[in-house]
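Asker: If you want the building blocks of each chain, they are given just below.
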Amino acid sequence: MSIATAPQLQDGSRIGVIGGGPGGSFFSYFLLQFAERVGLDLEVDLYEPRDFTVPGPAGCNMCGGIVSESLVQALAVEGIMLPPSVVQRGIDSYYLHMDVGNVRIETPLQEKRIAAVHRGGGPRGLQGKEFGGLDQYLLDMAVAQGASVVRAGVQSIAFNNGRPVVKTQSGKQADYDLLCFAVGVNIGAKLLENIPFAYKPPRTTRTYICEFCLGREVIEREMGSSMHVFLLPMKRLEFAALIPKGDYVTVCMLGDDIDKEMVNAFLTSPEVKEALPAHWRLPADFCHCSPRISIAAAEPAYGDRVVFVGDCGATRLYKDGIGAAYRTAKAAAKTAVFHGVSAAQFRRHYQPICRRIEHDNDIGRFVFWISRLLQGAAFARRAIWRMVCDEQRLSGGQRRMSMVLWDTFTGSAPYRHVLLRALHPGFWGRLLWNFVAANRGVYTDIEVSND
Amino acid sequence: MTNAMLGKQYHDGDIIVRQGELGDCMFVIQEGEVEVIQRHADKEFCLAVLGPGDFFGEMAVLGKEVRPATVRALGHAYVLSLEKRAFMHRVHEDASFAFRIIKKMSHRIRQLEAALVRTADISTLEAALFAAGSYAKPESAKLPKTNA
Chain A
21 MSIATAPQLQ DGSRIGVIGG GPGGSFFSYF LLQFAERVGL DLEVDLYEPR
71 DFTVPGPAGC NMCGGIVSES LVQALAVEGI MLPPSVVQRG IDSYYLHMDV
121 GNVRIETPLQ EKRIAAVHRG GGPRGLQGKE FGGLDQYLLD MAVAQGASVV
171 RAGVQSIAFN NGRPVVKTQS GKQADYDLLC FAVGVNIGAK LLENIPFAYK
221 PPRTTRTYIC EFCLGREVIE REMGSSMHVF LLPMKRLEFA ALIPKGDYVT
271 VCMLGDDIDK EMVNAFLTSP EVKEALPAHW RLPADFCHCS PRISIAAAEP
321 AYGDRVVFVG DCGATRLYKD GIGAAYRTAK AAAKTAVFHG VSAAQFRRHY
371 QPICRRIEHD NDIGRFVFWI SRLLQGAAFA RRAIWRMVCD EQRLSGGQRR
421 MSMVLWDTFT GSAPYRHVLL RALHPGFWGR LLWNFVAANR GVYTDIEVSN
471 D
Chain B
47 MTNAMLGKQY HDGDIIVRQG ELGDCMFVIQ EGEVEVIQRH ADKEFCLAVL
97 GPGDFFGEMA VLGKEVRPAT VRALGHAYVL SLEKRAFMHR VHEDASFAFR
147 IIKKMSHRIR QLEAALVRTA DISTLEAALF AAGSYAKPES AKLPKTNA
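In the order they appear, the protein sequences are chains A and B. Everything in the first sequence is counted per this note's numbering, starting at 21 for the first residue and increasing by one. Everything in the second sequence is counted per this note's numbering, starting at 47 for the first residue and increasing by one.
Worth double-checking, as some hints may not be accurate.
As the list claims (entries may be wrong) - Output of the computed footprint for chain A on chain B, the stretches with three or more beta carbons under 8 Å from beta carbons of chain A:
id: 1; region: 92 to 101
id: 2; region: 138 to 145
To be verified - Selected chain B positions facing chain A (Cβ under 7 Å, derived; list incomplete):
id: 3; residue: Asn49
id: 4; residue: Ala50
id: 5; residue: Met51
id: 6; residue: Leu52
id: 7; residue: Lys54
id: 8; residue: Val74
id: 9; residue: Leu126
id: 10; residue: Val163
In short, the hints are calculated from the structure, not lab data. Backbone N, C-alpha and C fix where the C-beta goes; we use that ideal spot for every residue, glycine too.
The following block holds chain A by itself, in its conformation from the complex (with noise of 0.2 Å):
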C-alpha cells in the first residue's frame, strides 16, 4: 500500500480501544485531543469491563502504584494535574536499606515529585473511599474529552475488507476504522487469532506485589515522604520497595520469577523488620498479587489499522510502565491523526518511540546487570553504603551514586542518562575511594542515622 493512498481518519471514522488502563485511556484522549485540533470528528469506543472504583482484585491493575518523576511533571505540563483525592502521598526522598547499614537520601530539590496512587480501587478489604484509583481518573479523562466507555469485554476481533471488527462476549459487534490494543501483557490468544500480521507478545516475568494496612498515623510517622528501597544480597531480586501511601504500604518485589520462597525471606528478613514499625508483624492475611511485567517489547506493535500500546506495545524494563503507556500511546494517537493508520505510517512515526525504549531497556539490563554484580560482593555494598553516607554532606550535584540509585530504583530518568551519570570520572573516582575507604575502615566524619 503506498502512502499516497494509505488510510486515514476522517470525519466520522470510528476508532475501537480494547483496554481502559492508563494505555487506553492516554490513547483515547491525546487522539480526541489531537483530532480537536484539528476539526477531525471523531468516535471512539473504549472497551473496560472492569469497574476501577471496586477494591481488590477486580478493580485493580497489579501495580507498584507510583507515577514517576518525569511522569508528573510531563503530566503538568500537558495540563493534565494529578489531585490530592488520587495522590495517596507525594515522595521526596528515600532510605537505601543494604545489610551493611541504611541512610536517608534526600532528593536535591527537595520537592515531591512522585506520586504514590493507588491503580484501581484500593485492596482487598479496603474501608472508606477517600482516595480514587488512577485508572479511574484517567478513565474519566478521556471520557470528558469525548470516549464512550463500553462495559463489555471483548471475546473476540475479525477483520472484514482490512477493517477491524470487534465482537463482545454479550455478543454485539462493531466496525472500526483503527483498533487500539492496550491489553496489558496478559493479552488472550483469542483476541489475536484473525490478526492479519504476526504479533509476538512481550516477553514477561513475574512480580510480586501486597499491601499491608498500617494506618495513617504509623505511616506519617514512620515512613514520611520517603520510600524505602532495598539492595540485599538475595539471588534473582533486582530491588525491592516499600512505597508509603495514605493508610497502606505497597511492598514491590522486581526480580527474575519472584517466588513464595523469596518473598517469605524478604518479609522476614532484618532489613524490612527495621523499616517497619517494631510492633508490625506479617498478618495471617492481606492483598497481595504477583503480576506478570514486560521485560521485552512486542514486534511488531502495529499493523495496518492497529496499534498496540503500553505493555503490549512497548514498555520501560521494571520501571515507569505508566510513563511508557503515556509516551507510546501519545505516538500512536499522533500517528493515527496526523499521519495516518496503515501499518508503513505507524512503522514511520511510531516505531521509532517503542525502539527507543528497547534500546533504553538494552542499557537498564547492563546497568541492572552491574548493580547485581555489586550487591553480591560485601565489599563493594559497603563502599556504595559508603559513598551513599559521605554524599549526603554534599551539594545535589555531586550526589553522584544517590543520583544514580534515584534514578534507577524510581524510574525518573531513561537507563541512558544512569548510565552516563555512572561513567563520569567523578563518580569512579570516588567509587574508588569508597571501596578502599570502607574496606579498609578509614575514618570520616559521616552523620548517619542507623535507626
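Position chain B against the provided structure of chain A, taking the given hints into account.
Answerer: The following block gives chain B in isolation, referenced to the frame of chain A:
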C-alpha cells in the same frame, strides 16, 4: 491532604523566582495562587495572578534571558518545577508537548496587545486632561490584576 500534594510548598510572600536572575527551569502551579510582579523604576506592577494548572518561568527554558518578573506565593501554594533539560528532551521527542505553552504564550501576547491599546487610549486621555489642567498624574501605577 498536604502529604498528597505534589511539588514544593511555598508560604505567603515566599519568592519562587526573582526578577533579573538566570533560571533553568519552568514551574507549574499545583495548588494555590502566585502573583507575577515586575519592578520598574522603584515601582511594583502586578502583571498577573496565576492559579492551579498555570505555568510560569517558561521563557527560561526557551531562551537564556534573565527572569523578566518576580513570582511570589499568595497564601500557601504548591509548585512543581521542570528543568530545562528535561523539558527539551520531551520537546525533541514530541513537539506537541510544547503546544500548551505556545497556546498560553499566544494568549498572553493577545492580552498584552489589548493592554497596550488601553494604555495608549489612557495616555491620549491623560494628555488632553493634563493640558486642560484638570488631571494630576498618580504617584504609583498598578496594572489591573488579570487571571492569565
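Asker: Now tell me if each hint is right for this structure.
Answerer: Against the structure, the hints:
{"no.": "1", "hint": "92 to 101", "verdict": "holds (count 3)"}
{"no.": "2", "hint": "138 to 145", "verdict": "holds (count 5)"}
{"no.": "3", "hint": "Asn49", "verdict": "holds (5 Å)"}
{"no.": "4", "hint": "Ala50", "verdict": "holds (4 Å)"}
{"no.": "5", "hint": "Met51", "verdict": "holds (6 Å)"}
{"no.": "6", "hint": "Leu52", "verdict": "holds (5 Å)"}
{"no.": "7", "hint": "Lys54", "verdict": "holds (4 Å)"}
{"no.": "8", "hint": "Val74", "verdict": "holds (4 Å)"}
{"no.": "9", "hint": "Leu126", "verdict": "holds (5 Å)"}
{"no.": "10", "hint": "Val163", "verdict": "violated (29 Å)"}
In summary, the one numbered hint that this structure violates is 10.
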